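If you read the sequence shown in the working numbering, its first letter stands for residue 1, the second for the next number, and so on.
Hints listed in this document are in silico derivations from the structure and should not be mistaken for laboratory results.
Any given hint might turn out to be false.
Calculated pairs, DSS-like style, for lysine-lysine (alpha carbon to alpha carbon, straight line, at most 25 angstroms) [to be verified]:
id, residue 1, residue 2
1, K27, K290
2, K231, K290
3, K174, K27
4, K260, K102
5, K266, K99
6, K99, K291
Here the structure is a predicted model, which means the values were calculated and not measured.
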Amino acid sequence: MQNLIIYFFGLFLSLGFLWLAAELSVKYSIKVSEMFGIDKLFLGFTFVAVATGLPELSVAICGLFEGIPTFSVGTILGSNISDISLVLGLAILIYGVLKISKHNGKESLLMLIITTLSCSFIFIVGYLNKYIGLFLILVYFITVYFLFNISKNKPKNKVNLNFTLKEKIILIIKLLFSVGLVFVASEFAVKFSIIISRYLNISEHIIGVTILAIGTSLPELTLSLSAMRKKEYDIALGNSLGSVFEQGTLLIGIVALSSKDNISLKPLMSLIPYMFLPFLIILLAIIGRKKIGRLEACIMFLLFILFLAHQVFGF
1 MQNLIIYFFG LFLSLGFLWL AAELSVKYSI KVSEMFGIDK LFLGFTFVAV ATGLPELSVA
61 ICGLFEGIPT FSVGTILGSN ISDISLVLGL AILIYGVLKI SKHNGKESLL MLIITTLSCS
121 FIFIVGYLNK YIGLFLILVY FITVYFLFNI SKNKPKNKVN LNFTLKEKII LIIKLLFSVG
181 LVFVASEFAV KFSIIISRYL NISEHIIGVT ILAIGTSLPE LTLSLSAMRK KEYDIALGNS
241 LGSVFEQGTL LIGIVALSSK DNISLKPLMS LIPYMFLPFL IILLAIIGRK KIGRLEACIM
301 FLLFILFLAH QVFGF
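Generate the whole structure from the sequences, applying the supplied hints.
Quick look at the structure:
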């Protein structure tokens, strides 16, 4: 029992460092992006989403090294559910309506549709291999290319020219250091979660889609709460949808491409309703009301609670 307490302490300490490292990665990523005057929604979809997605990627890669690919994919898909139902749902429940501007609605809709189609595709196929992984990675970069072209026709943020060469170098070093810390913390998180799951005789994919999925979603949650508080709706929406899109295409693609064997999705089929129902709710909100209110947020948050209960207790 004493050993179990130590393992849990180690896991939560690892997740704490993971959260801190991801927060620093986001902070420095945003500062670096300010040098180029990038559109806020595009910033959320790309720079912020990639930075906050580092924990999921690093945990997934570490899971592959440990020889448990289903754990890796389960962590990513579980984090997908967390990023929509928990992150966006809780942020809107606390701070109210998330307004979707007309010129950003099309981009958000495109992102959500591609994510839905990509996730539907892999569940229909039922497994992942290197070819599917390569396809998902291509989908990600092609979509980002189209979104970049769309963002060029929108009003741009002013480029920050106040950075000296020394400040730029220091900023890049800080970014690289924080990213490195993410990978180190995630490796410890994976090791402790595996030890706990084996100690309690719990399936590793359940640990992945619950504890680690929530833990690796902490950067998205804190950033979305901060953005909603400041009424930076584009960053909040871009962060959440961008993370889901990145995880559903790029991250799963990297895991599939890195795995030596095919990865079966059969143990993860129970995730389907908890993933696609929130997608549908947001899709209808974007098309219809042009905003996501507390009603939609409440439904998504309740779905997340049901998801946790289903995974932990099996009902």
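Item to check | Violated hints, by number in ascending order, as checked against the structure | outcome: Those not satisfied are hints 1, 4, 5.
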